[in-house]
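Dock chains H and Y against chain F, hints included.
Protein chains in written order, with the working numbering: chain F, 1 to 339; chain H, 1 to 508; chain Y, 1 to 322.
These aren't lab readings, by the way, just hints derived from the structure by calculation.
Keep in mind that a hint or two might mislead.
[Unchecked claim] Have a look at the derived ranges for each label pair, beta carbon to beta carbon: (1) Ser-76(H) to Leu-34(Y): 52 to 62 Å; (2) Leu-273(F) to Leu-241(Y): 26 to 36 Å; (3) Gln-156(F) to Leu-241(Y): 43 to 53 Å.
Think of the CB as a built atom: it goes at the ideal place given N, C-alpha and C, for glycine as much as any other residue.
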Amino acid sequence: MTRVTQHALFWPATTLALLLVVSAIFNPAFLSIAWRDGHLYGNLVDILNRAAPLMVVSLGMTLVIAVRGLDISVGAVVAIAAAVAALMIGGSFSASGNAASEHPLWMALGTALAAAAACGLWNGLLVVKAGMQPIVATLILMVAGRGIAQLLTGGQIITVYYPPFFTLGNGYLLGVPVALWIAVALWGVLHLALARTALGLFIRAIGGNPEAARVAGIRAASITLCVYTFCGLAAGVAGLIISSNVKSADANNAGQLLELDAILAVTLGGTALTGGRFTLAGTVIGALIIQTLTSMIYSLGVPPEVNLVVKAALVFAVMLLQSAEFRGLVLRVARSARA
Amino acid sequence: MADGAPIVLEARDITRAFPGVQALGGVDLVLRAGEVHALMGQNGAGKSTLIKVLTGVHAPDGGTIKLLGRGIAPHSPVHAQELGISAVHQESHLLPNLSVAENICAGRYPRRPWTRGGGIDWTETHRRARELLAGLGIDLDVTQLAGGLPAALQQLATVARAVATDARVLILDEPTSSLDTDEVQALFALIRRLRDQGVAILFVTHFLDQVYEICDRMTVLRNGKFVGEYACAKLDARGLIAAMVGRELVHAAKGTEHAVGAEPGTPAVLAARNISRRGQLKPMDIELHGGEILGLAGLLGSGRTELARLLFALDTRDSGDILVDGKHTDLDKPADALGLGLGFCPEDRKHSGIVADLSVRENIALALQARMGLRKFLGLAEQRALAEKMVAALGIKTASIETPIGQLSGGNQQKAIIARWLATQPRVLILDEPTRGIDIAAKQELMNEILELANGGTAVLFISAEIEEVVRVSDRIMVLRDRCKAGELPRGAEEDAVFSMIAGGSRA
Amino acid sequence: MNWRMNRRLLPLGITILLFVGMAAFGAIRYDGFLSPQVFLNLLIDNAFLCVVAVGMTFVILSGGIDLSVGAVIALTTMISAALLDAGWNPYAAIGLVLVLGAAFGALQGLLIQQFNLAPFIVTLAGMFLARGCCYLISTESIPINDPTYAAIAQARIPVGFDSSLTIGALIALAVVLAAMRVAHATEFGRTVYAIGGGESSARLMGLSVASTKVGVYLLSGLCAALGGVVMTFYMLSGYSLHAVGLELDAIAAVVIGGTLLSGGVGYVAGTLFGVLILGIIQTLIAFDGTLSSWWTKIVVGVLLLLFCLLQRLFEGRTRKAA
Chain F
1 MTRVTQHALF WPATTLALLL VVSAIFNPAF LSIAWRDGHL YGNLVDILNR AAPLMVVSLG
61 MTLVIAVRGL DISVGAVVAI AAAVAALMIG GSFSASGNAA SEHPLWMALG TALAAAAACG
121 LWNGLLVVKA GMQPIVATLI LMVAGRGIAQ LLTGGQIITV YYPPFFTLGN GYLLGVPVAL
181 WIAVALWGVL HLALARTALG LFIRAIGGNP EAARVAGIRA ASITLCVYTF CGLAAGVAGL
241 IISSNVKSAD ANNAGQLLEL DAILAVTLGG TALTGGRFTL AGTVIGALII QTLTSMIYSL
301 GVPPEVNLVV KAALVFAVML LQSAEFRGLV LRVARSARA
Chain H
1 MADGAPIVLE ARDITRAFPG VQALGGVDLV LRAGEVHALM GQNGAGKSTL IKVLTGVHAP
61 DGGTIKLLGR GIAPHSPVHA QELGISAVHQ ESHLLPNLSV AENICAGRYP RRPWTRGGGI
121 DWTETHRRAR ELLAGLGIDL DVTQLAGGLP AALQQLATVA RAVATDARVL ILDEPTSSLD
181 TDEVQALFAL IRRLRDQGVA ILFVTHFLDQ VYEICDRMTV LRNGKFVGEY ACAKLDARGL
241 IAAMVGRELV HAAKGTEHAV GAEPGTPAVL AARNISRRGQ LKPMDIELHG GEILGLAGLL
301 GSGRTELARL LFALDTRDSG DILVDGKHTD LDKPADALGL GLGFCPEDRK HSGIVADLSV
361 RENIALALQA RMGLRKFLGL AEQRALAEKM VAALGIKTAS IETPIGQLSG GNQQKAIIAR
421 WLATQPRVLI LDEPTRGIDI AAKQELMNEI LELANGGTAV LFISAEIEEV VRVSDRIMVL
481 RDRCKAGELP RGAEEDAVFS MIAGGSRA
Chain Y
1 MNWRMNRRLL PLGITILLFV GMAAFGAIRY DGFLSPQVFL NLLIDNAFLC VVAVGMTFVI
61 LSGGIDLSVG AVIALTTMIS AALLDAGWNP YAAIGLVLVL GAAFGALQGL LIQQFNLAPF
121 IVTLAGMFLA RGCCYLISTE SIPINDPTYA AIAQARIPVG FDSSLTIGAL IALAVVLAAM
181 RVAHATEFGR TVYAIGGGES SARLMGLSVA STKVGVYLLS GLCAALGGVV MTFYMLSGYS
241 LHAVGLELDA IAAVVIGGTL LSGGVGYVAG TLFGVLILGI IQTLIAFDGT LSSWWTKIVV
301 GVLLLLFCLL QRLFEGRTRK AA
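With the rest of the complex left out, here is chain F (with noise of 0.2 Å):
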C-alpha cells in the first residue's frame, strides 16, 4: 500500500479522482459520455476539450521549471501568436459569403508559431546569456508582449471567418476534439524525446545542480536555450487553439492569468519548483484537475468567482505540502497530540 501512496502521480491522481467522484455525486450528469452529431459528448468531454490549450502550456512549463527557470510570459506569447495568425488569415469576409484567407494557412500557422518560438528564444538568451534571474527576464516580455500584440491588433477584436482555422478549436477527430489530439500528440513528442535521448537525463542534471551538469560536460546553456524556446512554441500552439476556439483574437484578454495557471498545473502535478526532478503525466493531471474544478463549481450552480479562492486554497496546500518544514510541523503536532 505504501509503494502505491509513494507513487509520484498517486495524490494528484487521487486528487482528480476526488474532484470527479465529488462532481458525479451532486451532479450525476456529470460523468455521462454521449455519442452526437458524429463526435463524443458531454460534461468529460468538455473539460478535455478545455484543458487541452493550459495542457500545452504547462508541458512548456515544467521543463522550464524543470531547469530551475520560470516563464510568466507564456499569456502574451499566447496574445502574439493569436495575433500574428488572425492577422495573416485576414478578417475578410467575402460578399459570396465564402471566407478565404489572406495566406495559405499553414503559412498563417508557421509564422505564428515562429514568432512564439522567437519569443521564448527571446526569454532564454536573456536567461542564458545576459545571466538574468528567469522571472525578470520574462516579466519584461510580459509587460512588453502584450503592448506588442495589442499594437499588433490595434487594440481592436480581430474576428476570423476562415472555417479551416476553427478545426483547431472547435473541430473532431475521430470523435475526439482536435485540441485534445494536439495536446497529446504533444505530450507524446515530448515523451518520445526525453526517453530516447538524453535530454530527460540532462535537463534532470541541470535542474538538479546546474554547476555539477556544467563540469560534466553538459552543453547546458544549449539545452536551457532550447527549453524556453519550445516553451515559447508550447505557448504558441495554445494559443492557436484558443484564438481558434472563440473564432478571434483578443490581444487584451487572450491568455490573461494562463502562466498561473500554467504554474498551478506543474506544481499539482507534483514537479517542485526548485527543479530537478519533473513528470509530464502530473502536469496533465494538474491541468486536468485545474479545468475539473472549474467545471464542478460551475456545475454546482456555485458562482464562478469562487474559482479563483479555490484556485489560492489549492496552491497554499501544494506549497505547503512540498515543504520540509512544514511537514516537519505536522509531524511534530501529530506526535504530541498523540503522547
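Just chains H and Y now, with coordinates in the frame of chain F:
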C-alpha cells in the same frame, strides 16, 4: 600563556548525539585567558559539533560548560555572544552591500535620543567602528562598502565585529582557508593583539604549520572522543598526527607500481602556454604527457584549483592558449574539453560534482552521455552495466545503483565521481583533491586506481594539499606559490624540497 | 571617499538623469509640457502606484517579491465601498482596511518565513485569493457616494504657480519621506538591506532576520491597502478589476528606480523617480496624440530590459573589482 593563567572557559564531559551517530562522547576543553588554543582533529572528529555546542546552536546531551566559573547554557549564537562567546565561522561573511561600520555595528546601532529625532546615530556609529578597528591595529576606511574590500581585510573586519561585544572567548573556525601568506600574518598579528588583551582564543585549522606558529596549547579529538590536551612545545607534528589519526602513518614505498612516465620527446597531450586569469592566476605554462602523473603542490590560495579550472575551461581565461597534441584548440567550455578527451574531478563534490537527486547509475553515466551527445542515448541496460562495472571496480558502497547519490557517504560519492570520468576513458584526467574527506582505506584504493590509470596511458594532473601524497605518486611536481609557478621538481624529490619551494627562496 | 559614495549612488543618478532627459525631451517637443501642473499630475495620477511601489521597494530590497499588491488594492476598494454602503464611518472604514491589508501581508510573510516557501508562489496565491474575495463581494462596480470621500477626492491644495496637489498625492509624498527615514535610520530598515545582502550572513550576525522578513511583507500589505485607499479617492468606486497588473508596474518602477532585483541595493527615492518616469511615459504618449496607449507597455518593457541589463553590468563590474 603560562599554566597559571585564569581559566575562562571550562567544558567538561560534553556529549552530543545525532540520529545514527555519536558526534561527541565526553569531550573536555579548557581555555585560559591570553592563550591561543588549537582544536585539532580529522574531518568528522567532532570539532564543528563542539563549536556549535559552545555557541548555542546545539544543546549538549550531557556535560557542563562554565564561563569564568559560572555554569552557562547558551541557547542561540546571539545568546552565546551576549554571554561572551563569539565565533567567526568559515562561512561568516560580511554583508557586501553595507559599509564596514554598519557591518561592525549591525544589531547594536547607537541611537540618537528622541529629542533629537531618534533613529540611528551614524556619526557615532562611524566613530565607534573606527575606534574599535584602531584598537585592533586595523587600518580601514569604515565608510566604504564591505564588498569592495579584499578577502583578507573582510576577514579582519569580521573578527573585529566578533570581539566588539567584549568577547571573553573568540572561536576562529578555519579563518585562513582563503588567505595568502601575508594575509595570514596580518591575521596572526590581530590574534596576538587580542591574546595580549586577555581574550581566550580557540583556533581551528588544518594547517599544521600555522598551529605551531600561533598556538600555545592544543586539544585533539578523534571520532568524537577526547584524545588529550597538549602544550604545542611538548608535542611535535608526528605526534600530533598520530594522536589525530590513531596510528602511525604507514608510508608506502615510493613509486612502486608505477611505470616511469612518458618517453621524452613525445609531444604533450595537453599544454597551456601563458595561461592566466585576472585576480586568480598569473601567466604560466604547463605540460602534461600521456602516462605521466603531474603533481600540483602549493598552499591554499596558490592557484592550483584556478589552474585546473582554466585548463578544463570552467572559467574563461584572460590570456594564453591551450594545445592538445600540439594543436591549437578552441576550448571555451567544459563540453569542448570533454570532447577533446579531458576529464575534471572537482574539489567540491557537493557543489560541482554530484547531482544529489539522481541515482548512482545516472551520475556515473553522466559525462559519458554528455560526450555522446543528445541523440545517441546510452539506454537503461547499458547505463546499468556501466554502473555495476564501476561500482565493483572501485568498491563503491551503495545499497543499489538506483540509490540517489546524495545518500552515499562522502568517500563513496567521490569514488562515483571518479568512476564517471573513468567511464569516458579520458586522455587527460585532472583530479582536484580527490582524496579529501575520505578515510585512509578508501584513500589507498583511490591512489591505486590513479596509478593504474597512468599506467594505461592517461595523463593525470593530481592536486592535493597533502604534500606527502603528491610526493609519493607523482612523476613530476609543479609547485605554485601566490598564483605563480614557483618551479618544478623531478620524481623522487623529498617533501622538504617541496616545502622549501613553496616557502620561497628569500624567506628565512 | 567621495568617489566611492558616488559609485553607490550611480544607479539612482542614472534614473534621475533619465527623468530629466525625458522631461527635457517633452518640453522641447510639445508646447505646454513644462507647466508645473503637468509635473504635479505625474504624482497625482500615480499616487496609488507610488505608495504601493514604496512597499514593494522594501520587499525587493530584502530579496523577495510581492505579486499580490494589485489584488489587495482592488480588495481594499471593494471592502471600502461595501462598508461605506453599509453606513460605516469613513475614517473607521479606512482604519479597518489598513489593518486588514497589514494582516494579509503579515500572513504571507509568516508563510514565507516559517515554512521556507518561495515568495513568488505565496504572493501569487495571495493574488488569487484577494482577487477571488473581490469577486465574492461583488462582480459589479460599487460606486462610493460618501460625502467625506467626495470631499477628499475633490480637495486641492495649492502649491503656488497656479498648480495644486490632491490629498492622494500628499499621502504619497508623506509615505515616500517616511519610508526614506525607515530605510536609512531604523534598525528595521538596515536589517532589510542586510537580508538582501546575504540572509545567512545576516542570521549568523544575530540580526532579527525572521521578524524583519515578516515585517517587509506586512509593510507591503499595508502600503497596498493605503494605495487602495488613495485609489478610492481617485476613482470613487470599488471594483474587482481595479489595478489589474499593477504589481508589474510597481516592480517596474522599483527596478527603473535603481533597486537591484536580487536585493540589498537601492533607494526609496529611486522608486519615486521610477514612478514619475512611468508617469512621464504616459504623459508623453498622451501629448503626442498619435501613439496608442499600448506603446506605454512596450516602452516600459524596453526600459525594464535596459535597466536589468545595466544592473547585470553593474554587478559584474563590482565583482571584478573585489
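Going through the hints against the structure:
no. : hint                                 : in the structure
1   : Ser-76(H) to Leu-34(Y): 52 to 62 Å   : holds, 59 Å
2   : Leu-273(F) to Leu-241(Y): 26 to 36 Å : holds, 28 Å
3   : Gln-156(F) to Leu-241(Y): 43 to 53 Å : violated, 20 Å
Hint check: a violation occurs at hint 3 only; the rest are consistent with the structure.
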